[in-house]
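> Spelled out, the chains give:
Number of protein chains: 2
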Amino acid sequence: MSKKYNICVLGATGMVGREMIKVLEERDFPIDKFLPLASERTAGQKVTFKGKEYTVEKAKPESFEGMEIGLFSAGAKISAVLAPEAAKRGCVVIDNTSHFRMDPNVPLIVPEVNPQAIKRHKGIIANPNCSTAQMVLPLKPIYDAVGIERLVISTFQSTSGWGKEAIAEMYEQTKTLLADPKAKITPKYIFKQIAFNVVPQIDQFTDNGYTKEELKMVNETRKIFEDDSIQVTATCVRVPVAIGHSECVNVKTKKKIAIDEVRRLIAAMPTCKVVDDPAKGVYPTPIDSAGKNETFVGRIREDISQENGIEMWIVADNLRRGAALNAVLIAEKVIQN
Amino acid sequence: MSKKYNICVLGATGMVGREMIKVLEERDFPIDKFLPLASERTAGQKVTFKGKEYTVEKAKPESFEGMEIGLFSAGAKISAVLAPEAAKRGCVVIDNTSHFRMDPNVPLIVPEVNPQAIKRHKGIIANPNCSTAQMVLPLKPIYDAVGIERLVISTFQSTSGWGKEAIAEMYEQTKTLLADPKAKITPKYIFKQIAFNVVPQIDQFTDNGYTKEELKMVNETRKIFEDDSIQVTATCVRVPVAIGHSECVNVKTKKKIAIDEVRRLIAAMPTCKVVDDPAKGVYPTPIDSAGKNETFVGRIREDISQENGIEMWIVADNLRRGAALNAVLIAEKVIQN
Chain V
1 MSKKYNICVL GATGMVGREM IKVLEERDFP IDKFLPLASE RTAGQKVTFK
51 GKEYTVEKAK PESFEGMEIG LFSAGAKISA VLAPEAAKRG CVVIDNTSHF
101 RMDPNVPLIV PEVNPQAIKR HKGIIANPNC STAQMVLPLK PIYDAVGIER
151 LVISTFQSTS GWGKEAIAEM YEQTKTLLAD PKAKITPKYI FKQIAFNVVP
201 QIDQFTDNGY TKEELKMVNE TRKIFEDDSI QVTATCVRVP VAIGHSECVN
251 VKTKKKIAID EVRRLIAAMP TCKVVDDPAK GVYPTPIDSA GKNETFVGRI
301 REDISQENGI EMWIVADNLR RGAALNAVLI AEKVIQN
Chain E
1 MSKKYNICVL GATGMVGREM IKVLEERDFP IDKFLPLASE RTAGQKVTFK
51 GKEYTVEKAK PESFEGMEIG LFSAGAKISA VLAPEAAKRG CVVIDNTSHF
101 RMDPNVPLIV PEVNPQAIKR HKGIIANPNC STAQMVLPLK PIYDAVGIER
151 LVISTFQSTS GWGKEAIAEM YEQTKTLLAD PKAKITPKYI FKQIAFNVVP
201 QIDQFTDNGY TKEELKMVNE TRKIFEDDSI QVTATCVRVP VAIGHSECVN
251 VKTKKKIAID EVRRLIAAMP TCKVVDDPAK GVYPTPIDSA GKNETFVGRI
301 REDISQENGI EMWIVADNLR RGAALNAVLI AEKVIQN
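Protein sequence lines correspond, in order, to chains V and E.
full-length UniProt numbering applies: residue 1 is where the first sequence begins, and numbers increase by one.
full-length UniProt numbering applies: residue 1 is where the second sequence begins, and numbers increase by one.
Treat the hints loosely; a few may be bogus.
It does not matter which identical chain is used: a pair holds within one copy or between any two.
Straight line, CA to CA, 20 Å or less: simulated DMTMM-like cross-link-like pairs of lysine to aspartate or glutamate [what the hints assert, rightly or not]: (1) 77 / 144; (2) 212 / 302; (3) 188 / 288; (4) 182 / 288; (5) 52 / 307; (6) 254 / 307; (7) 212 / 277; (8) 58 / 172; (9) 164 / 180; (10) 182 / 172; (11) 52 / 62; (12) 280 / 332.
No wet-lab data here; the hints were simulated from the structure.
Fair warning: this is a prediction, and the values are worked out from it, not measured in the lab.
Between the sequences and the hints, there should be enough to build the whole structure, so can you do that?
Right, dumping it as structure tokens:
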């Protein structure tokens, strides 16, 4: 009989946590003991795993005794404290927060892209930011084939990226404005009105005028490809979509590559799907991605403005591909090793 | 007493036509005779100008007898037929459709950017596509100061760009989905579901994988700057916003320019407004632009991915700045000349 593992999900009541539980079920991850954990705020809530109801326990250092894998998604501050505690107790942490991502001792993994880096872990493995994770997937075979010099990115990110409260806020504002188009909206979770609007700010601003979210795309892309020579600029924008991030990515490669070859390479990349037949109106939109494991790529075309340029449109379920699925795929690699 | 003009608005019942009438009123354009015209489909409807109700007449070649200025916004096919008829009768046509924009005999004008080109008109002057018009405004002083080598553009375009039916469709879909999140949506005016979604297609696709809308941004930008060496790539995306287009624009200049100087130059550009204080959460969003004449520019920062690079976020009311106001500003220049 193959080995089964004791696995805990920290942040089990959040959107990503719930998605992690769903993905563990779907993929029939070999689990012996399942332990849902959360911060004090939501401990006590119930979650269901494989038909059985569990009461979510408050996470504390001792929670990780006997645990072998921990999927963490309860916020950077909680990970900062509890991930080392878990690792110390022999529980390999796969952390979905930003806290450890740029730590040189922590591998930052998208399993289809840089599985080789997993082995370097010392108890903690980081999951990239959702917008980076989905982008590096179709870029990987292009990088391998012809190298990547520069990326110019604009994102269209869904409200679920800011948590379930942000989705609820979007729907609430939408209802209010449908009833009274002149209603005054006071934003709470998203920085500005998000209903019938777009907001060019995700996370906080840094001194150079970029947001932290934008710099995550710069730094995490380089770390995943282990190549600091890749030049990256990004503008991250929140749009009134519930689930599914979309990205407009302009790529400059080091060498010439035919666009049909780009399409072929992306189609051959595991978990990527080319959805690209403009003549028939075929391209991905975020609602098509919700609940799906694939990263959908369309609008693939030769950039008419530069040599060796490619334009593409990358769409994925940010909770799943960008977070929960990525974490579980890492866990699968960990138990393979 | 200063001269007054006979002016007609063709497409007077459409969103841009109604906005043109509003702008003519607001700016107290010197009008003697006012004549609202439309295609057969909407002729007979009423419009109000300066407190007086007018019945919209069906446009025919003879409608333009005695008219001096015609603001056209009834679609490319109607302009193709009627603009030459109007011009023949001495009525200077300011055409908001795409039909004449790339015609070498027709100047393409944003009055603050290339007023010098108006004088070359032979009876017809074209108004650029709304997304181009708002973009070239803040780019103009940068172009003059240091030259522009390349632009990488992503747009976030509102449904009003596709007409009032598209706005109505967005609200209708939104209501349906709020009542039943699993409701099946059948798109009618916009290519895919637009409520709680984004759609990376505006206008039809061309053979190179770009849409016509995207190529308008390429070609019109070059024509307005009278500089075919400017390299441009664009991805145009429809977002669930009623009024106001937003644009993420990555600029490569020919020479180095300090970012403070960029901000100063844009602030000094007529009708442009810098809204850019990230530390205080200050940047423009489309709802802020609706009903305003200004083009709002924020998120101005040095591009960390290339030499001589600038990132910016440009927002304007597409019906007004991108169409109606631009047309009336052209008319004002025409009567000045």
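> Are the hints correct? Go through all of them and say.
Structure-based check of each hint:
Within a single copy, residue 77 and residue 144 get their C-alpha atoms no closer than 36 Å, and across copies no closer than 48 Å, so neither meets the 20 Å cut-off. For the homomeric pair residue 212 and residue 302, the shortest alpha-carbon distance between copies (15 Å) is at most 20 Å, but the shortest distance inside one copy (30 Å) is not. Proximity of residue 188 and residue 288 under a CA criterion of 20 Å is satisfied inter-copy only: 18 Å between copies versus 28 Å inside one chain copy. In this assembly of identical chains, the alpha carbons of residue 182 and residue 288 lie at most 20 Å apart only when taken from different copies (13 Å versus 32 Å within one copy).
Proximity of residue 52 and residue 307 under a CA criterion of 20 Å is satisfied in neither setting, with 57 Å inside one chain copy and 57 Å between copies. In the homo-oligomer, the alpha carbons of residue 254 and residue 307 lie at most 20 Å apart both inside one protomer (9 Å) and across protomers (17 Å), since each shortest distance falls under that limit. Taking the closest pair of Cα atoms, residue 212 and residue 277 come within 20 Å of each other only across two copies (16 Å); inside a single copy the shortest separation is 35 Å, beyond that limit. In the homo-oligomer, the alpha carbons of residue 58 and residue 172 never lie at most 20 Å apart, since the shortest distance is 30 Å inside one protomer and 44 Å across protomers.
Taking the shortest Cα distances, residue 164 and residue 180 sit within 20 Å of each other only across copies (18 Å), while inside one copy they are farther apart (24 Å). Both within a single protomer and between protomers do residue 182 and residue 172 lie at most 20 Å apart by alpha-carbon distance, with minima of 15 Å and 18 Å respectively. Taking CA atoms no more than 20 Å apart as the test, residue 52 paired with residue 62 passes in neither setting, with 24 Å inside one copy and 79 Å between copies. Taking CA atoms no more than 20 Å apart as the test, residue 280 paired with residue 332 passes in neither setting, with 38 Å inside one copy and 44 Å between copies.
Taken one by one, the earlier hints fail for this structure at numbers 1, 5, 8, 11, 12, listed in ascending order.
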